[in-house]
Amino acid sequence: MPARLRWGILSTARIAQTLFVPGVRAGAETEVLAVGSRSIEAARAFARELQIPRAYGSYDALLENEDVDAVYVALPNSLHAEWTIRAANAGKHVLCEKPLARTAADAERMAAACRAAGVLLMEAFMWRHHPQHARVRELLNDGAIGEPSFVRASFGYVINPAREAGGLNVRLDEALEGGSLMDVGCYSVNVSRWVFGSEPVAVAAQQRIDPKYGVEVSFGGVLRFPEGQLAMIDSSFVHTPVNRYEIAGPEGRIVVEPAFRPDDSPAHIEIYRGSNHSVETIPPSNQFANEADHFARSIRAGTLLPPAENGVAQARILEFLYSAARTSTPAL
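Heads up: the sequence shown begins at 6 in this note's numbering, then just goes up one per residue.
Keep in mind the hints are simulated off the structure, nothing from the lab.
A couple of the hints might just be wrong.
What the hints assert, rightly or not - Straight-line C-alpha distance at most 25 Å; calculated SDA-like pairs for lysine to any residue: (1) LYS217 to THR108; (2) LYS103 to TYR277; (3) LYS217 to THR332; (4) LYS103 to ASN174; (5) LYS217 to VAL175; (6) LYS103 to GLY151; (7) LYS103 to ARG229; (8) LYS103 to PRO136; (9) LYS103 to ARG9; (10) LYS103 to ARG30; (11) LYS103 to HIS299; (12) LYS103 to LEU309; (13) LYS217 to LEU235; (14) LYS217 to SER203; (15) LYS217 to ALA121; (16) LYS103 to SER290; (17) LYS103 to GLU262; (18) LYS103 to ASP65; (19) LYS103 to LEU55; (20) LYS103 to SER203; (21) LYS103 to ALA121; (22) LYS103 to VAL175; (23) LYS103 to ALA207; (24) LYS103 to ILE304; (25) LYS103 to GLY254; (26) LYS103 to PRO267; (27) LYS103 to GLU256; (28) LYS103 to ILE276; (29) LYS103 to PRO246; (30) LYS103 to PRO27; (31) LYS103 to GLY257; (32) LYS217 to GLU324; (33) LYS217 to ASN165; (34) LYS103 to LEU181; (35) LYS103 to LEU38.
Put together the whole structure using the sequences plus the hints.
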C-alpha cells in the first residue's frame, strides 16, 4: 500500500459530500482518488466540486481501478451487502456506512466475503473515533461512577421528506431499508454494547410506523445484558433534535452531549457524584478524519478494532429489535 490510503467513494450521497470527503482531507493518512455514481454527470459534478481526480458512471467501473485501495460505501442500506461483497471480490478494503445490514445473515455474508478476499471490513460508526468517548472510557475504568448498570441513549431529529436531488428521502424509503432505527437508533444500540462490553440477551421494543412511508419514524427499545444491566434506546424522525447518552452506576452518572454528532462543536461530559457536578469540555475533533486514519493504520497493521464481527453482532441486535417491535402487544 502506498504512503497514503487511496479511497474510492461509492455514491455521491450527502454524507460523503459534506462529511466523509472533507474528513479525509483533514486527516493525515488517506486521500480520495475516485468517485462512482450511477450517473456520470453526477459523478463528474461531485468530483469537480470536491476536486477528486477521477469520476466513474458506474460503481463497477470504480472497482476496476487498480489504484483504489479501499472504498467507502455510502449507498442506501439495502445496497450495502451487494456492493461490499463486490468490492471485496475486487480486492478492495471496505468502510461501509452504518449499519452494515438489517439482518445478521447479510452482515455475515459481507464479513465472509471480506475474509475470503483478505481485505478488511469496518462499520462506519465514526462516533467511536472521537476523543470524548476515550475520556468516558477512562472515567469508567477509573471507577468514577462505579460499575455501570444502566444506559439511556437518544438520537433523533425532524426529517425532511424530500432529498436534495428530488424524490423521497432515502431514510423514509421502505424499499431502501430506511427508518429511524437504521438511521440513528443504531448509534444508541452501539454505544450500549460499547459501554457494557457484551451483547444483549433479551430485547423489547415498540415503534411508530408512518402509514405514508411504511417505515418507523419513532422507535423505542430496552436491552438486557448478561449481568442484568439495562439500556433504553430511542430514535426519531419527528421530534426536536437530541443527541446524547447517559451512563449510570451506584456512585454516580455520566452524561455526554452532543454524543454522536458534535461536528465542529466542543463536546461536554457531565459527571454527577452525589451533590457534586463537574463538566469536562473536549475540544472539537474531526471524527471522520480520525475514522479514515484509523482504517488506514488498521490496513497497514493487518488487524482491525473493532473487527467486522462486531458489525455482524450489531445487525443481529437490530434484527431482534425489529422482530420485538413487530410482535409486541402491550397490555393496557
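So, going through the hints one by one against the coordinates:
With a CA separation close to 24 Å, the supplied pair LYS217 and THR108 stays within the 25 Å bound. At most 25 Å may separate the alpha-carbon atoms for a hinted pair to count; LYS103 and TYR277 exceed this at roughly 32 Å. Distance hint between LYS217 and THR332 is fulfilled; the C-alpha atoms sit about 21 Å from each other, no more than 25 Å. Proximity of LYS103 to ASN174 is assessed by CA-CA distance (about 17 Å); at most 25 Å being required, the pair is judged to hold.
Of the pairs offered as hints, the one joining LYS217 and VAL175 holds, with about 14 Å between alpha carbons and a cut-off of 25 Å not exceeded. Only pairs whose Cα atoms come within 25 Å are accepted, and LYS103 paired with GLY151 is rejected, the gap being roughly 31 Å. For the given pair, LYS103 sits about 22 Å from ARG229 by alpha-carbon distance, which is consistent with the 25 Å threshold. About 20 Å separates the Cα atoms of LYS103 and PRO136, which keeps this hinted pair within 25 Å; it holds.
Among the hinted pairs, LYS103 with ARG9 is consistent with the structure: their alpha-carbon atoms are about 24 Å apart, no more than 25 Å. Proposed proximity of LYS103 and ARG30 is supported: the alpha carbons are some 21 Å apart, at most 25 Å. Distance hint between LYS103 and HIS299 is fulfilled; the C-alpha atoms sit about 16 Å from each other, no more than 25 Å. Restraint check: the Cα-Cα separation between LYS103 and LEU309 comes to about 16 Å, which is no more than 25 Å; the hinted pair holds.
Between the alpha carbons of LYS217 and LEU235 the distance comes to roughly 33 Å, so the proposed pair goes past 25 Å and is violated. Restraint check for LYS217 and SER203: not satisfied, since their Cα atoms lie roughly 37 Å apart, outside the 25 Å limit. For the hint pairing LYS217 with ALA121, the CA-to-CA distance comes to about 42 Å; that exceeds 25 Å, so the pair is violated. Among the hinted pairs, LYS103 with SER290 is consistent with the structure: their alpha-carbon atoms are about 20 Å apart, no more than 25 Å.
Taken as a hint, the LYS103 and GLU262 pair is honoured in the structure, with Cα atoms around 21 Å apart against an allowance of 25 Å. For a cut-off of 25 Å, the pair hint linking LYS103 to ASP65 stands: about 22 Å separates their Cα positions. Between LYS103 and LEU55 the alpha-carbon distance is near 23 Å, which keeps this suggested pair within the 25 Å criterion. Restraint check: the Cα-Cα separation between LYS103 and SER203 comes to about 19 Å, which is no more than 25 Å; the hinted pair holds.
Note on LYS103 and ALA121: the hinted pairing holds, with a Cα-Cα distance of about 22 Å set against a maximum of 25 Å. With a C-alpha separation of about 14 Å, the suggested pair LYS103 and VAL175 falls inside the 25 Å cut-off, and the hint holds. Distance hint between LYS103 and ALA207 is fulfilled; the C-alpha atoms sit about 22 Å from each other, no more than 25 Å. Between LYS103 and ILE304, the direct Cα distance comes to roughly 19 Å. Compliance with the 25 Å bound is thereby established for this hinted pair.
For the proposed pair LYS103 and GLY254, the alpha carbon gap of about 29 Å is over 25 Å, so the pair is violated. A distance of roughly 17 Å separates the Cα atoms of LYS103 and PRO267; the hinted pair therefore holds under the 25 Å criterion. Only pairs whose Cα atoms come within 25 Å are accepted, and LYS103 paired with GLU256 is rejected, the gap being roughly 34 Å. In summary, the hint linking LYS103 to ILE276 is not supported, as the alpha carbons are separated by about 29 Å, beyond the 25 Å threshold.
At roughly 20 Å between alpha-carbon atoms, LYS103 and PRO246 fall within 25 Å of each other, so this suggested pair holds. Straight-line distance between C-alpha atoms of LYS103 and PRO27 comes to about 19 Å, which keeps the hinted pair within the 25 Å bound. Between the alpha carbons of LYS103 and GLY257 the distance comes to roughly 31 Å, so the proposed pair goes past 25 Å and is violated. Proximity of LYS217 to GLU324 is assessed by CA-CA distance (about 23 Å); at most 25 Å being required, the pair is judged to hold.
A distance of roughly 14 Å separates the Cα atoms of LYS217 and ASN165; the hinted pair therefore holds under the 25 Å criterion. Between the alpha carbons of LYS103 and LEU181 the distance comes to roughly 14 Å, so the proposed pair stays at or under 25 Å and holds. For a cut-off of 25 Å, the pair hint linking LYS103 to LEU38 stands: about 22 Å separates their Cα positions.
Consistency note: the structure conflicts with the earlier hints numbered 2, 6, 13, 14, 15, 25, 27, 28 and 31.
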